[in-house]
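Protein chains in written order, with this note's numbering: chain A, 1 to 298; chain B, 1 to 274.
These aren't lab readings, by the way, just hints derived from the structure by calculation.
Heads up, some of the hints might be wrong.
[Stated by the list, open to error] In silico DSSO-like cross-links for lysine-lysine, where the CA-CA straight-line distance does not exceed 30 Å: (1) Lys109(A) x Lys261(B); (2) Lys3(B) x Lys109(A); (3) Lys230(A) x Lys293(A); (4) Lys5(A) x Lys3(B); (5) Lys157(A) x Lys109(A).
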Amino acid sequence: MMIKKPTLKSTLIGFLYLAPMLLILLVFNIFPILDSFAMSFFTKYNFYTNQIGQIGLGNFKTLFSDPNFWLALKNTLIFVIGVVPISICLSLGIALLLNHIRFLAGFFKTVYFLPFVTSTVAISLVWQWIYNDQYGLLNLFLRHLGIGPINWLNDPKWAMPALIIMTIWKGLGFNIILFLAGLSNIDQRYERVAQIDGANKWQTFRYIIFPLLSPMTFLVTVMSIISGFKVFDEVFVLFGGSPGPGQATLTLVFYLYQKFYTEWQYGLAAASGVVLFFLILIVTVINYLYSRKHIYYV
Amino acid sequence: MDKQKISRLLEYLILIFGGILMLIPFLWMLDTALKSGSEAMTIPPVIIPKKLQWMNFVLAWHAAPFLRYFINSVIVTVITTCGQLLTTILAAYAFAKLEFYGKKIVFMICLTTMMVPGEMLIIPNFITLSKFHMINTYYALIIPWLASFFAVFTLRQTFMSIPDEIYYSAKIDGAGDWYFLWHMLVPLAKPTIIALAALEIINSWNSFMWPLIVTNSDKMRTLPVGLSNFTTDAGTQFQLLMAASTIIIIPMLLVYIFLQKYIIAGVSRSGLKG
């Protein structure tokens, strides 16, 4: 440590350095967190005059009796369950392969990571075109396999799978990079020792690599779940500003957006934001408890 | 061929197949952007257009105020990134190298902000900004993003890894905190700072929900919001939509190509600290 004990002067200096960040964080992060909790309890609230008519659980009662809210919650969970396991398996598989090769490994990394840097709006438009029922690339391809035209974006049955496929495609590179970082941290001697002892490739993976990689697998899972809970841009663009055919892709954040931006129901929107907060909190807490108990650290 | 070679070949085949799947949407976008309107809607599809329609890019550019959107996006991205870097460097220095009362508690409070979904903050932030009459201005698009605790946390780690001995020798030479930070720490932490800058440029350029909510006129829209708005005008002219999408994607592609090393290292590091 540079200055062993804090003094009045060093405190002043410290806070001067912190001030710009702290000011923004207070006004746009810390205060709003408290504010949105408070707002979720304001039932008759005029934000412009800042008049609070009533305080109570009214918003939550309305929220929990709104079938659309439950639909949004259900859709969000289906989305997360659809995206996360497939994305984890694919990205782990590709990361293992990439970790195994030298030639062109950098090139492949670049390619797989590419969707991550592109605008979600632009790339969702491209996918909207790929999913087009008449001229879309996907249906043209499926026709060759003898699978009749699927109305991806207008059929309530297919809207969610369409959203899931695109999201997996876009997020794959990010997860691959994280898995590669995890793999590079594993000492190669473990693998060699296992092979000397006669373990085959699958056994090496199952009993050596996978357990050693488990902290990273867990982290990737948690990050994927959390970002899945927050899906919005993709839905908005893919379905032209609507929550999908027959509200098939009405997600939690889309519900919040509707309540807030199109219906001006601030209290309800804030209440659904609080629900989102607790969903993410639950995942974070489970992550914390589980990782303390079950993960093998090297 | 022996078994080793076959399995190596198989590995490459899988990777190539996956790579093609990753690239197809981009190629299809570019391909469509260069087709004529009738070629875009032909069954079976025309893969190579008879004549490359470079004019589509010009047509798309003029079909909506894309120049305005582009300028807005550049202004917002540049100011947000520079401003955020400045607040981040100062705060990370305080947390990493200074001792002061309340340091731990302030750090813990800031840490909790990382866990809160940004979507939840949209409503109160919208209200705050409308009270200051800042809706539909650059202020609304920029100010809330001038600080990121994720960035502070990351840079603090880097600063802490730089030994204090450098500080003492600088002190002997008569350097103060300010000089030490900007002339010694910042140059040493350059890779982290570039990674943070690159990630913020990408975030800011591609950001959609917030600009969608706080802008309501063409004058203030950024590229993603403008593009999303353009879809209703363009209707089924997919060649124009794809040309416009290409225009939005290319700047970030360039950022990615030039800063790839830093971006990937930055993402890897963000995973490792978790």
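Evaluated hints:
no.	hint	result
1	Lys109(A) x Lys261(B)	holds, 11 Å
2	Lys3(B) x Lys109(A)	holds, 26 Å
3	Lys230(A) x Lys293(A)	holds, 28 Å
4	Lys5(A) x Lys3(B)	violated, 65 Å
5	Lys157(A) x Lys109(A)	violated, 34 Å
Violated hints, in rising order: 4, 5; the structure is consistent with all others.
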